[in-house]
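Each chain, letter by letter, is given below.
2 protein chains.
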Amino acid sequence: MDSLVLDKKISDRGKEFFASISGEAPSIFNKGWWTGKVMDWSMKNENFKIQLFRFVDVLPYLNTSDSLTRHIDEYFAGDDQDVPKVLKMGAGVMGTGLGGKLAAGLVAKAIRSNIEGMAKQFIIGENTPDAMKNLKKIRKDGFAFTVDILGEASVSEIESEAYLKEYMELLDALKKEHASWAGLGGKDLDWGHAPKVNISVKPTALFSQASPKDFEGSVQGIEKRLAAILRKVKEMNGFMRIDMEQYKFKDITLEVYRRLRSSEEFRDYPHLGIVLQAYLKDTDQDLADLLAWARAEKLPISVRLVKGAYWDSETVIAKQNGWDIPVWTIKAESDAAYERQAKMILENHDICHFGCASHNIRTIAAVMETAKALNVPDERYEFQVLYGMAEPVRKGLLKVAKRVRLYAPYGDLLPGMAYLVRRLLENTANESFLRQSFAEEAEVERLMENPAVTVEREKAQRKPKAEAEVAGLARFENEPFADFTQESVRQAFMDAVAAVRAQLGKEYPLVIGGQEVRTADTLQSVNPANPSEIIGTICQASTKEIDLAIEAAKKAAPAWKALSPEERAGYLLKAAEIARKEIFTLSAWQTLEVGKQFDQAQADVAEAIDFMEYYAREMIRFGKPQRMGRAPGEMSQLIYQPKGIAAVIAPWNFPLAISCGMSSAAIVAGNPVLYKPAGPSSVIGFTLSEIFRKAGLPAGVFNYVPGRGSVMGDYLVEHPDVALIAFTGSMEVGHRIIGKASVVHPGQKQIKKVIAELGGKNAIIIDDDADLDEAIKEVLHSAFAFQGQKCSACSRVIVVEPIYAKFIERLVEGARSLAIGPAEDPTYFMGPVVDDKAQQNVLKYIDIAKSEGTVLYSSPVPAGGYYAPLTIVEGITPEHRIAQEEVFGPVLSVMKVKNFDQAMEWANSTRYSLTGAVFSRSPKHLEKAREQFNVGNLYLNRGSTGALVERHPFGGFNMSGVGSKAGGPDYLLQFMDPRLVCENTMRRGFAPIEEDDDWII
Amino acid sequence: MDSLVLDKKISDRGKEFFASISGEAPSIFNKGWWTGKVMDWSMKNENFKIQLFRFVDVLPYLNTSDSLTRHIDEYFAGDDQDVPKVLKMGAGVMGTGLGGKLAAGLVAKAIRSNIEGMAKQFIIGENTPDAMKNLKKIRKDGFAFTVDILGEASVSEIESEAYLKEYMELLDALKKEHASWAGLGGKDLDWGHAPKVNISVKPTALFSQASPKDFEGSVQGIEKRLAAILRKVKEMNGFMRIDMEQYKFKDITLEVYRRLRSSEEFRDYPHLGIVLQAYLKDTDQDLADLLAWARAEKLPISVRLVKGAYWDSETVIAKQNGWDIPVWTIKAESDAAYERQAKMILENHDICHFGCASHNIRTIAAVMETAKALNVPDERYEFQVLYGMAEPVRKGLLKVAKRVRLYAPYGDLLPGMAYLVRRLLENTANESFLRQSFAEEAEVERLMENPAVTVEREKAQRKPKAEAEVAGLARFENEPFADFTQESVRQAFMDAVAAVRAQLGKEYPLVIGGQEVRTADTLQSVNPANPSEIIGTICQASTKEIDLAIEAAKKAAPAWKALSPEERAGYLLKAAEIARKEIFTLSAWQTLEVGKQFDQAQADVAEAIDFMEYYAREMIRFGKPQRMGRAPGEMSQLIYQPKGIAAVIAPWNFPLAISCGMSSAAIVAGNPVLYKPAGPSSVIGFTLSEIFRKAGLPAGVFNYVPGRGSVMGDYLVEHPDVALIAFTGSMEVGHRIIGKASVVHPGQKQIKKVIAELGGKNAIIIDDDADLDEAIKEVLHSAFAFQGQKCSACSRVIVVEPIYAKFIERLVEGARSLAIGPAEDPTYFMGPVVDDKAQQNVLKYIDIAKSEGTVLYSSPVPAGGYYAPLTIVEGITPEHRIAQEEVFGPVLSVMKVKNFDQAMEWANSTRYSLTGAVFSRSPKHLEKAREQFNVGNLYLNRGSTGALVERHPFGGFNMSGVGSKAGGPDYLLQFMDPRLVCENTMRRGFAPIEEDDDWII
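Chains as they are written, first to last, in numbering that gives the first Met the number 0: chain A, 0 to 1000; chain B, 0 to 1000.
Treat the hints loosely; a few may be bogus.
Stated by the list, open to error - Derived coverage of chain A by chain B (criterion: at least 3 residues anywhere in the stretch with Cβ under 8 Å from a Cβ of chain B; other residues may be distant): (1) 310 to 321; (2) 619 to 631; (3) 937 to 949; (4) 970 to 980.
Claimed, not checked - Subject to a maximum C-alpha distance of 20 Å in a straight line, what follows is the list of computed SDA-like cross-link-like pairs (lysine to any residue): (5) A:Lys-318 to B:Ile-992; (6) A:Lys-342 to A:Ala-451; (7) B:Lys-554 to A:Gln-931; (8) A:Lys-330 to B:Ile-992.
Bear in mind the hints are in silico, worked out from the structure with no lab data behind them. Don't be surprised by glycine CBs; every beta carbon is placed ideally from N, CA and C.
Produce the entire structure from the sequences given, and follow the hints as far as they go.
Here it is as structure tokens:
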């Protein structure tokens, strides 16, 4: 059919549909109801909307009247006076003269009940009896259903197992009921062809360890439990649809579907469906692939096509990670994609059953007309809408299309709230079709426009943003994280490990003044997961080589200083480009030499690249003379110059990033570097030297001088020609360096500068209203990722009493679910610690923990490598050593406190002030933390690790460092001396006047 | 006469005048001439104009062909290609094929000769025979004359004496000639009434030590020599006019005139005139006063009224010093003032003879018509124009007005160049009437407009500048320097000294936690000019009082930290206001306690005020959270918080400024302070405590704890509760503090921060093309002001060989001219050093100087006080102790170098890197200094002292400090720890989007 003709038909049918339902508003926008009023407010007041969503989100955690009242105050204080009135509707206390606490309590109660009431509108039931009753009711009204159990986040296998159990119980209940139901349309099956029992399952909740990094493990983990559900569904001849969730799980979910559908057990059972999201840019291809697969396998499939419900978070996450945005960014693009994909499915109706899930009348009309045009039999497509929403649409649909299925969530209100928030979002988003059609009565013509046309118009209206540029450079952007959703990325890591493995065991010289220098004394670096695997043998500098390197640096210094900031920055940018090209190889070295998991290793290399890109721009910024004052007759400019020779003494835990950060800052500021890597990461240190060599850095500007601290450490620090020392490491060594550097030695021309970033004893506070789904994942990650070997790692979790039991239970189960093994295998969350010394140290602290508290969990570990058990200990108070001393390993102390104030006090009870985090949904508590949680990097509602260059300038104070912020705007200042050059420009009473002079008007 | 009628007549006469001279251009704009071409270029090309003026200025110093060629290259390289062609005109080498050095030499020679030729046009002669010849010639042409001897800057009394001698010789020459001249108009006197011999004298050149600060001394110093000239003038019945120079000498000059005119010796001799400048806002009043005085004294006077020739520098200086601009800022305002004042003089023609000095035809016409309207007799007014300029005007004038006198400079070309620059400026300034009338042929109507009308129009066109504001505060402005031209200011200092003297001898307690604390141990502070005068007796803290103060600070800390930056800044602004009100008293304390001269003391208090005003604004700036990155879904902010308790250990040499700077920075950043003043300035330290008390600073935030370093110094530095130490003082003590502070003591929670500003061994380089008039004054000031007791003081002057002899001769004579005595008497340039220890130390170094070099001058000193001789020693090389060690007293080492490169090398040959200065007019050498002169504060063509807050952030590196810049934009960072607070704002997949998010388009 001619597409214009079809489009006309679609538009006509849509208008008819509109007319047929005109005057009927969906309950949520019925302003007579409390919900309607609140939704109305939300649309008018963006701030209220945000606060309301957040309040709804936290509501299930507010178990006491005090807590509820306090949160209402915090969320809605300062807002328009009418807002509380709206919220209080139905409280029955307005004008009654009830005052004070009692009234507040009543209001709070009313608000809770109003919101819970609103939530319940979208849920088929909180228990099976209720659910069965309601399901029967909707079937009576002529609708089919699909039930989905609420509960999205599993932080442990025990939770995934519990989720599975819920499905089994639901199916048991349905089993009892369904036989008594007549099929819609009177036959045994609904409409003569569809199973009456229909469930939808969110796959990732069934496997708590699902992660795109571990594709195969995730597929298997999910498939195992899904198969159990499907087995039971099959027993009652039901239908199971695998829901589609976040983009990162999309390929895993598709793979699970293909495997289950084509498995021996189920390949003859057709009632297994999948969901595709039209808003994903991938979907055209995914759909085509899936149809081709079905044809090839000769397996009929069923696809529910939705628009997609995670648009905000997909976009935010992509932006935060530096990835391409996976979703269409214009709403009409998704609509157009939907119509395109619906057509493709309908064209393949012989092999693919279609579930059209949309509330958009244009979309529905398009599907109807397209199906008609393609002569698609009725039993090959049906319509689906959300339970509790868009009532007029569903009624209208039922009239016209007959086959309408309601998507009916079931289960506890707590996870229900998360669902409610997403639904509310959908309803009030500016672009929402529903809002437009019912709330704003936008013109029908416009609503019926072909979305492809809308897209073109909107594209034409969008103007490219003008981006600030620094000296012709694009604005700094963080290097993207590895996107493990891509198979090629996962493979690249494996390949790189293999390639690096082939290069193990070499001898590495020092590099001084561009020359390789070999020494008799050498050190072996080994794979901590398998100490018999030698990574490399590294020559070790003695004081003699330090002298050589100082001479090389002195020789290189004048020419290097004389280059312009732009020229020096150019070398860094070139080095960044080299590292970018070699990112997988550089990561693989870390996996093998220090036991970094792929994501951790890649993040480290990315951070190294970030440091170079950022400091290059920063140096260009500082390189511009800054005019001081505006006095006519003088030109006074503040400029910066290098301090002199820099000693960079680096740790092994961020073996490339921190080494590169300190070195590149020194270098770009004009200071030649003597770089001493940590022993266990000396080969990675050599790769840094190689990067700079390949970037063409002049000889002597960067000197690679690994060596034993006991042999050359003090000598380097005390050397009269060393002007600055950049050190990252332990507090003890830091103190030693600061002390040694403070003594002026004969021949020394300058006061030495020490930039020291030391340890931490970082706490995460769990408030009683914390979102535990997020908090537990983040605590586990902060405490145990890379074996807790980060100065930023969480080593204390401080939990307020009301939430303590629940948190601990979930935390320990979460920890128990983490697999431990070699970093090169993505199955494992945690690997070995760096060496035997580290292993012994951790074991020592585990003994201390045992003596000071109660060990809740101490994991088994593989044999062979330098593994240390993941350990959680409770009953810890600030007096304990385990609460005060940095362990630098996977040991987490749990501290129970009465309330948030005590949490803050305990958090601040150590000598360290590095990182910290708070999980709370109390605006006041977050504000208090902002003011009082005395750490260099404070994170609110996220973990304590993972600082990014520029976004999270990193570093602490007190005994955690000198108040330096790596990757921040003040960092380079530490590597330079400021100079003021003031020229008197007046000669013989005459001065040229500058534009920015403070001259007469 | 009706003013409109008069205005019409003026305009008509002006137009007639124009018509009469039409077609005649003044020689300088005659484009056929080389000068005309160059002037034409200057008008079209602002950059060329600046370079040309600067080149003309330096030309007399370019004594070798190489030097000349090099400067031509440096000044005119990179300019339009036509420029060199213009400059080379007349060189006769264009197109001759002569290349290389020879050609360059010829070009240089041609340029020099062209410029010298241009200069000579404005000079009546370089020697008396030439002058006499030319004077005769102009008289023959019908013009009278007044001769003025070029040479404006005297840096020593011997130079002033020489200038006097030149006048005497000129008068001798005139004496021989004038008898043979017939009076103009045929009678014995010119025009029947005017002396034939007429000279103009610039008064300040006659007394090298003239300074508004010492009004009476300046008047007497000038009067003495002027009287000698007048005596000789009187002998030959000549006329002497006292010229008017810069504004700062105006009142001195007027006073000299009145004294001479009314003196016993000359009150009956009427031929003594004065000059008034119409561009000064004071002139209406000055003229009225002068006329009233003449009437009261019954002494006929003569006034030459000029527009004024120092407009640029008067404006720049006022702006630089924070004073009201003394001149009219619209050109027409000066013109209008001129007409107004001319009228007033003409109205008083019975008592006042009028010299109308202007080239402006409107002005001339106005004077003519006004004189006519007032029936002023011819002999009561005459016209004056500059020799060598405005030839058509002078010819026209002669025709119409008959009585025209040419102002004829006489003397060496070297000072002549300065004169030439001023004349060139006048001719090419945009507003120049001459340029308009001859060079641009602007409409006559407009040129004849009544300037009062022009003023109104231009005022209406000027729009007020929008000034950047910080949190409602006006942009930072430096506190104005004391304006000693004002009698009230001079008196205020004297009164304040008397008032402070009445308060001497009190006992001063410590102030801890807002309470006075007295101790048994006390210290006496004395007047260094008179040690028997006790300034005060100061209680001395022991470790016990330090503990007390630490407790008070700890108690005050939380509340102080909790205040907003704006609130803390508010206290500083209040304190600044208090100091501003008490500025004379605070200065007087310094004069008596540490021997600071009034200007030095006032500058110190002003700097203290500046620190408070600046740091207040800086803290508000730093107080604003700085968003990091732009990631949607998170709000990441960099903020700063106080480090903790600060120990401020201050020096006595800038007793209020540095104490206040370090303390106010600490305080405004949120750190409570323990302030230990230096012993010799403890009472001044107490005044700081009083300022803060009066400003209402909460108790314990600022604790005044004077004490003996030997008793409590280390204790304070090592105290585990002290988080930061701000120290300004000697290198030795600095090293000790840095060492002690680096050791971590039990109970210590933080790594101590030391902000140290230490010593200097500052050099000023004198290049062979330096403007010695300026260089010598600045070197003397930098080396000996406040007795050289500044870390920024010049203690080495490095002179390149070609200029060495000339420089040294002038320098030593300049030094010899400086008077030494108590600071409270403004007669004295230099006073006593601070105490007997300082005196002994200086004497020790003078002995060392004597043993290492040749003492060129060592001044006598008064008896009684702690005086140390002002000493200049030559023959010093970098090996000498006197070239390496900081003396902190009035001892200047002179180092002779071969060339500029060696000067730079020697300048950089000490461990210190604090201040330095270069006097050079070579753009390349200035650039080299900018790059290589390794000091924290480098000054080009000005002295090495006198850094101002904001305009000149102050501080050095190497052994001069830690690279901290007091009064600069990075300073406060040192007093704070940075914190990053990053909130994950995404909840349930929904994040509020901020305006500056990196969101989709």
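How about the region 970 to 980 of chain A: do at least three of its residues have a C-beta closer than 8 Å to a C-beta of chain B?
holds (count 7)
Count the residues of the region 619 to 631 of chain A with a beta-carbon closer than 8 Å to any beta-carbon of chain B: does the count reach three?
Since 5 is at least three, the answer is holds.
20 Å Cα cutoff - pair Lys-318 (chain A), Ile-992 (chain B):
Holds, at about 12 Å.
Keeping to a limit of 20 Å between CA atoms, is the pair of Lys-554 (chain B) and Gln-931 (chain A) held or broken?
holds, 17 Å
Residue count check for the region 310 to 321 of chain A against chain B: does it reach three with CB-CB under 8 Å?
holds (count 7)
Within a Cα-Cα threshold of 20 Å, do Lys-342 (chain A) and Ala-451 (chain A) meet the stated pairing?
holds, 14 Å
Regarding the pair Lys-330 (chain A) and Ile-992 (chain B), is the alpha-carbon distance no greater than 20 Å?
holds, 17 Å
With a Cβ-Cβ cutoff of 8 Å, does the region 937 to 949 of chain A contain at least three residues near chain B?
Coverage by chain B holds here, the residue count being 8 at a Cβ distance below 8 Å.
Figure legend: structure checked against the earlier numbered hints; every hint is met.
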